[in-house]
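Protein chains in written order, with the working numbering: chain Z, 101 to 556; chain D, 2 to 220; chain V, 45 to 287.
Treat the hints loosely; a few may be bogus.
[As the list claims (entries may be wrong)] Cβ-to-Cβ under 7 angstroms is the rule here; a few derived chain Z residues that face chain V: (1) A137; (2) Y283; (3) P489; (4) A518; (5) N519; (6) K544; (7) F547.
Keep in mind the hints are simulated off the structure, nothing from the lab.
Cβ coordinates follow ideal geometry from the N, Cα and C atoms, glycine included.
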Amino acid sequence: MSTQHSKAAKQFLKNQTYAHWHDATFWAVRSKRDNMAYGLDEWEQLREKASAIKRHTITHLDEYLDQFATAAEKNGAEVHWAKDAQEFNEIVYGILKSHNVKKMVKSKSMLTEECEMNPYLEERGIEVVETDLGERIIQLKGQKPSHIVMPAIHLNHDDVGELFEEKGISNEKGNHDPTYLTYRARLSLRNEFLTADAGMTGGNFGIAETGDIVVCTNEGNADMSTSCPKLHIAAIGLEKVIPNYDCLAVFQRMLCRAGTGQPTTTYTSHFRKARPTAHHMHIILVDNGRSDWIANPEHWESLKCIRCGSCMNTCPVYRRSGGYSYSYFIPGPIGINLGMLRDPQKHSGNVSACTLCLSCQTVCPVKLNLGDQIYQWRQQLDDFGTANPQKKLMCRAMSMVYGSPGLYNLATALAHWANYIPSPIMNCGLNPWADGHKMMQFPKKPFHEIIKDIER
Amino acid sequence: MASKEDILKKYRSNIRIQYDMPDLSDIQAVTYPNPLLQFMNMTKSVGGNAIEVEAGRDINELIRELFPDAKEIASNLPEITIATRNPDEVGRARDLNGTDVGIIRGSFGVAENACVWIPQTMKEKAVCFISENLIILLSKSQIVNNMHEAYARLSAEANSQEQFATPHSVPLGQRIAKSFEKYGYGTFISGPSKTADIAQVLVMGAQAARSATVLLLPE
Amino acid sequence: MKIGLFIPCYVDAVYPEVGVATYKLLRHLGLDVVYPEKQTCCGQPMANAGFEKQAIPLAESFDDKFSGFEYIVSPSVSCTAFIRLNYPRLLNHQCESAKHCMDVVEFLHDVVKVDRRLGTFPYKVSLHNSCHGVRELGLSSPSEQHVAKYNKIKDLLELVDGIQVVEPERPDECCGFGGMFSVEESAVSAQMGRDKVERHIQTGAEYVTGPDCSCLMHMAGVAKKQGLNIQFKHVVEILAAGL
């Protein structure tokens, strides 16, 4: 009864030192979030408002998108609409080609990851340079992000040190001090910012009333990407648009507190139009499935997500299996849900990577019902044709036994015979419970027999 | 654009249930008995410096004291006499690279998180990020409690119809407010640029300023 | 006040002593307790595995057996939560009994409002806050939330003579049982179990106690496999100890 996730997780846990470090690291981020939450009396009120704002906005999104595009165009930006990943990549390429762009720097955007934009552009001769340090590291290493906010978290300073030596970014062999490595990366990326022809950003929020694209970073790389190159393209998924500044205040206050345990990102930048010496700004609004998801009665609320990452940090399964164990590019509770919306057949395996502890939805700043939705997805697996046959059989057997008091009483009467099964057979590998547990002892008499004696 | 209408139409037709906008006026956001003090404490905790400047102090002299080794100083502020570069006058943004100290004006600060609202007030905003060290001049009376107040202020500034015929008679914060509309860019900056992407070790100075100093002016 | 006692399948088959303790404790408090015959299972294992429709006949049978009771009490937070939160939906809201179903801890704390000395248990116990109890039944304040701290299990345990109650680090992190999860993701499940047991041991407690036998069963199995020296008792066994 194994899945891609369970196999990968088992591998992950083989390196116990690493696994404990991974778990402790993310628990530390969860703790920092806790300190932020406990420090604001209005925290739970903000969560309630954030949830309500998102429910309203998502269910009126067509109006807000229209308002956003009108405001952005009035500001002088050119607004594009991409129905899917292919169209998005084509639009980006078209804009870059028309400006003869050879190199583009970009700040972090999970949307571009979703659309697989980087390889598309690189195949067409455009160099794409990630400028978020974590993204740059994994780009150089040829890896995918293992977390949506801390993409290189799975690497330690030696991994990064050796990588930088190999790529000629650092020039002191053996110096793996993070401060030194960050400085060397700074020098390398500084050169990229200065020589790039275009800069691309994602966007944490789009403001319908004013046409702003709001980008939050700690590094300042979105601002560097848009201050030196003469072309700025901003890309966001449809659901990033929110009504106005009053709403933005709620989300801005929660995003970083929830995601990294800081009161704010260093930079919260509002882009309305390009600077006077640059070409006009381009904004791309991307659908790629979102207009379908709103129709899903159990799962439309996944559109509320603001991509803070706090659900991953709190998830005891994510912490002990790592981002790469999941089949979808976004891991953890939100990744399980978004993966199912994207391709249920492909990503059904992730749905069992959850104990339904509900910590995720208790931590979520927008009260997304992540765990409840995972439970719902499980009910649909049979319809998708991806229900595990062994599980199905086991449940059918249980149903039969539990449905018949006679059968059930027989089963409980015989249960204690299991106590006599020799250990080598019990632990032979066919019994997955025995992998991690010593078998429990079944009592001779179940409660329903004992109670008869007591009541007498 | 064909795609726009298709997308909006499809989305609209797929909405099953609708929810109302909640009332946001009853949010009990944190306020401080001394917002300036909170702002200064938060600035320190995010790795920045906040210095109260006494009336009559020579700003240029103070900056020289803070950065005695600075060679290239970039600013378009008329009160800064020690600038060696001007972001309004450079040929290209990249010419600002190698700036030791960039000096810019902030509009107002936010006590809860040490953010300073910086509308773009120069031709090349790169000066705010490309400089090794950033100095932000801020009127110390212009501190709001939290981001709700901050964004309400930005909305009010946007809605204000006043055009200033004699700019210097209007407080600086209000003057530069219109700058956001003019240039179409503004940012909240809280402390220096930072990252913890390598082994979760926090390092000040990622891709932008390695230090951020807010000079709180009496005016 | 007529109380119906619901004893879930695994308590019936593996931990009957917990059922016995529940019955004895309720009787000790002067309550009229009835144990309807032919109980089997609430359906949670199948539902969590993705076959919640299989819980429908069990829900109907439950509703039949337990109609007419003012409260239905069970020594299992996971079963109680499943019944109360899902039966009305599964039976299209034709399920009177579900809303009267309470876990024994919340029943004693909120309805009976026990405030007198209960059993005797002169040991240090580490409190295991089972997820269903915390985040579905509200037995304690979730550590994720900024709310006034409370813990109904602790309140009741402190009525026990000689006891010392402590909580481990990460007080409401999941133990890793998760039903089928323990078999399907056995590596992660066992790791979570070991980590949780370690944290309980670090408190210096001799016993781990909690409101759900499935958590205790999982942790006990993991602990015994590792040869770890700590014992496990359901809360109700401690509350009834020596009565």
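Results of checking the hints against the structure:
1. A137: 5 angstroms, holds
2. Y283: Check failed: Cβ of Y283(Z) comes no nearer than 36 angstroms to chain V, outside 7 angstroms.
3. P489: 12 angstroms, violated
4. A518: 10 angstroms, violated
5. N519: 11 angstroms, violated
6. K544: Violated: closest Cβ of chain V sits about 10 angstroms from K544(Z), beyond 7 angstroms.
7. F547: 4 angstroms, holds
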